[in-house]
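A.B. asks: Those protein sequence lines, which keep their order, are chains Y, G, E and A.
If you read the first sequence in this note's numbering, its first letter stands for residue 1, the second for the next number, and so on.
If you read the second sequence in this note's numbering, its first letter stands for residue 1001, the second for the next number, and so on.
If you read the third sequence in this note's numbering, its first letter stands for residue 2001, the second for the next number, and so on.
If you read the fourth sequence in this note's numbering, its first letter stands for residue 3001, the second for the next number, and so on.
Hints were generated in silico from the structure; no laboratory data involved.
Certain hints may be false.
[What the hints assert, rightly or not] Simulated pairs of lysine-lysine, DSBU-like, Cα-Cα distance not exceeding 35 Å:
1) K1287/G x K1180/G
2) K2008/E x K2101/E
3) K115/Y x K2150/E
4) K1123/G x K3101/A
5) K1202/G x K2030/E
6) K3008/A x K1123/G
7) K1021/G x K1119/G
8) K2150/E x K2207/E
9) K2101/E x K119/Y
10) K1230/G x K3030/A
11) K2030/E x K202/Y
12) K3030/A x K230/Y
13) K202/Y x K2165/E
14) K1021/G x K251/Y
15) K1180/G x K1142/G
16) K3054/A x K1129/G
17) K1147/G x K3176/A
18) K147/Y x K2109/E
[Unchecked claim] These stretches of chain Y come out as covered by chain E in the derived footprint (C-beta under 8 Å, 3 or more residues):
19) 81-89
20) 195-204
21) 219-227
22) 279-288
Each residue gets a CB set at the ideal place from its N, CA and C atoms; glycine is no exception.
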Amino acid sequence: MNRIFNNPDFIVEDAVRGYLKAHPDILAATDNPRVLRRPAAPQKDKVGIVTGGGSGHEPAFLGYVGNGMLDAVAIGEIFSSPSAKAFHDAFIAADGGRGVACLYGNYAGDNMNVKLAAKQAAKHGLTVKTVVANDDVPSASKDDRSKRRGVAGEILMWKVGGARAEEGADLDEVIASAQKAIDATRSIGIGLSACTIPAVGKPNFHIEDGHMEVGIGHHGEPGVAVMPVKPAREMADLMLDHILPDLPFEKDDDVAILVSGLGATPVMELYVLYDRLAEVIEARGMKTRHLFIGNYFTSLEMQGVTLTMMRLDSELDRLLAAPAHSIGLTRV
Amino acid sequence: MNRIFNNPDFIVEDAVRGYLKAHPDILAATDNPRVLRRPAAPQKDKVGIVTGGGSGHEPAFLGYVGNGMLDAVAIGEIFSSPSAKAFHDAFIAADGGRGVACLYGNYAGDNMNVKLAAKQAAKHGLTVKTVVANDDVPSASKDDRSKRRGVAGEILMWKVGGARAEEGADLDEVIASAQKAIDATRSIGIGLSACTIPAVGKPNFHIEDGHMEVGIGHHGEPGVAVMPVKPAREMADLMLDHILPDLPFEKDDDVAILVSGLGATPVMELYVLYDRLAEVIEARGMKTRHLFIGNYFTSLEMQGVTLTMMRLDSELDRLLAAPAHSIGLTRV
Amino acid sequence: MLSSISIKDSGGLVVELIDVIRENRAWLSKIDGAIGDGDHGINMSKGFTLAGGKLGEPIPPLPDALNILSETLIEDLGGSMGPLYGYLFSSMADELEGQEKLDGDVFGKMLHAALEGVQEIGSANVGDKTLLDTLSPASEAFDEAWRSGKGFAECLEVMSLAAEKGRDATIDMVAKVGRASRLGERSRGVLDAGATSCCLILQTLAKGIRQRMGA
Amino acid sequence: MLSSISIKDSGGLVVELIDVIRENRAWLSKIDGAIGDGDHGINMSKGFTLAGGKLGEPIPPLPDALNILSETLIEDLGGSMGPLYGYLFSSMADELEGQEKLDGDVFGKMLHAALEGVQEIGSANVGDKTLLDTLSPASEAFDEAWRSGKGFAECLEVMSLAAEKGRDATIDMVAKVGRASRLGERSRGVLDAGATSCCLILQTLAKGIRQRMGA
Ligand SMILES: Nc1ncnc2c1ncn2[C@@H]1O[C@H](COP(=O)(O)OP(=O)(O)O)[C@@H](O)[C@H]1O
Ligand SMILES: Nc1ncnc2c1ncn2[C@@H]1O[C@H](COP(=O)(O)OP(=O)(O)O)[C@@H](O)[C@H]1O
Ligand SMILES: [Mg+2]
Ligand SMILES: [Mg+2]
Ligand SMILES: [Mg+2]
Ligand SMILES: [Mg+2]
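Just chain Y, same shape as in the assembly (with noise of 0.2 Å):
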């Protein structure tokens, strides 16, 4: 393992404060070292929008912080979901009256530190509603869908969030923006190789040379098949065979498209399987109207790729092109 850090069970706060330092424009501290807010939060009648997660997905999650995006962060350990405390006091960084959106992934830790948080806060006084992510289609079945974990679709549910808050919407017009673009949302990852906790020393799981998994999750959890590794051609067609029948995605459909590598994949490759994506997309008659590519959401040094795609009605649409400002994301 070749990796930089310092004391690996203090990484996480190295990395933070190394990311206060570089971006004190977009990023500030809170009196809670793992929790961290954009420098106008709280803002005055605007509904708060928050998230949390493990570490270990940067960009994802403080690098989503930022105007017109999320107003504050938890941060968990590597692949582990933030404490309770840091969901609250998140929630209390992101407040400005209005309420605050917790939009977040379907994991175990996550699911069970945000309720204590929001019970927490309640006591306060503080109303915080939630949209749970569910987009990863290979983490269960169709009539299992609130089982489905959350992940790179949570940018896309951040965004549209964010932007609907910064409109003047009021809570719960937040949060049915945000779960409309969760519903509309769905995600495939293919794995190509392993990553390794700096804490832990070796890799938790295997993918064999020359193999990949398909459907695997962001911490490495397992996914529906491994197989050898296939032409890019091939990776494309079999992932959009796994999303677009599920929501499904039909001609005439406008949607949004976020190719997001897991690490270590070289950038081009990503481009190299876009070509094909792309082409599919067209041919079955649908309209790409936003485009990301690039390592939006990460798992340390996983080599693989996920692919999410929305089908956009006109508010997602436009909340969507709306301006933007964070480390990870920046629409002008």
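Given the coordinates of chain Y, work out where chains G, E and A with the ligands should sit on it, guided by the hints.
C.D. replies: This is chains G, E and A with the ligands only, laid out in the frame that chain Y set:
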């Protein structure tokens, strides 16, 4: 090798097609499939800015085509110089009638191909002047600066040259500013793991597990020392020890900092490193006026990091701050 | 030999819990590594160590010490362990309220409360290959022994054995919740990490109480 | 046995060059892998194959065929091989201008021109562990044999041997240019990839000319 490609011999072609589909607002095709340009290029009465280099360094080089940056780029095979013809066609794509500045890195192949291309261009009456980046401190001694490789400092050189051309400067002025930029820039890399060219199928160099290579080049060119991996703070100090005295960078200097991952190093680790870099740079009495952290100049899926520093005068400061819009670097 | 211990003077039990978790950091992570993400020992040790720093001197009474441990886990640890063990220990502490002596009656209630707390927050079932599979049979065995008239010390001994059997029974289970559940059938054949740490915790409590009773 | 060949009818020599490079793709890359980046065979094969597609039918005269190869390498290949071998072959073609027969005199001049072309563009020296270390001794050996009155066919034989010796001599050299130069002393002990491809090229030319002369 678990990677994403179709026929490995055509990975560059496939990726370029993907880039063109993904970014029609930023990149346009030319008659030469190995040359891309800004849609607005050639821009009448603006000095054209061109670079070129091997693929596998994305977002370099094509990712820096855009307003306020490069007008056209010549694209080589992975880790291999573009052909003379590609450089030549890039010159033509960029020429708005006031000549072309070719700002490229000091590699044997690039030197030869640019030389041939410029000769060819001169035959048609197109003036091409060049600046060769040589910011990589460990690649040769200070007395032998002309032998040093160009690495991530090229990005800052392009930014400066691109902004100067945008201001309406003539070719000699653009060349002078770009030369000043690279003369004020120093870089160093630390390699933590090797990378594999898909068509080759196995790593072309090796870094022992638990070791790091100080001064490694962007294609795995051997560095000046191999040693056990040090804590991030010591890595930072080692990097600064190499580059600060070389210029030298001194108290009260205004500086620009670029910390780039080599491809597979988790972004959070770049911030862990930056936490210490910022500490020392501040303690030495320097002021960081421009900062870039991320995967700006990669080497496929190599693990490791490069540090680039530029000492600013008011001109360089102004040109770095000027607006730019490219895939890899945007300033508003 | 006594049949109960003073609640006020037994905060040291929590120190013993912290020590045993710290000592087993590597082992717990290794077990988690087989079908989870290999961080259970790291997580537990981090949370328990943090709590250790907050206990202060002199060690507070047992309910206070349990609550400090619980709050630290819930507030500072995060992950799944924060809320799950956090609730487990605060539920135990709740049963001590208004009591002076920790005897077999009270301890039996503590186990019940712990079980309910973990189930409430985690919504897992017995048989899902989690710490419930240690906690539930341990609690049942204790109840049965206590109801059959055995002494507190002996009941603790019975519970310790049941906890161990419960822990070992997770080897044959397929994980239904948590990260390991993604493995389906592949999760069979190894211990569950949480069941293992829970066994350590119950056995350390049993041993500590027995020692204090002079057993 | 003839002592020259028809330049017009010998464009096929370039086809033979293309074939030999394609056949040795893997071997050349493997050699480059030891101290370079392992792509020499890939690069060469890509460039030569491209040129093959441009030769057309019937195969053009030798100078035209060499120029097509040269232009393809310079224009389409890039890297270092594009300009270096591009110049090598166009320099050779230049010497055929105005000639009808390729004899020992002309071939000697071709080797000189090739050497100068490569040196001009690449600014490397003999002894730097490059293709020059095949080309230079091969050219010298040919000159000496030709001056000493040996027949063209025999001179080609002498040159082939010298090319091989030159190639093998790179094993003991430390690379001074190109990627391998970064290795310093560590570059000693293995063949140079460019010297190896250059040897294949010279030997294939020699063999092809000799066959056409009926030797
Ligand atoms: N819902 C749940 N209820 C009870 N125990 C659970 C639940 N989810 C997970 N566990 C326990 O948590 C253990 C894993 O803990 P740990 O490794 O610290 O957290 P993580 O899975 O987040 O890495 C599992 O071995 C299991 O016993
Ligand atoms: N300046 C030079 N002059 C002559 N030959 C050179 C020069 N630089 C490199 N070479 C030759 O090029 C060979 C490597 O070619 P190749 O692997 O195709 O290119 P690259 O080094 O760009 O990967 C070396 O083995 C050497 O013989
Ligand atoms: Mg974990
Ligand atoms: Mg090469
Ligand atoms: Mg775990
Ligand atoms: Mg090579």
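A.B. asks: Sort out which numbered hints this structure fails and list those numbers smallest first.
C.D. replies: Result: hints 3, 22 break, sorted rising.
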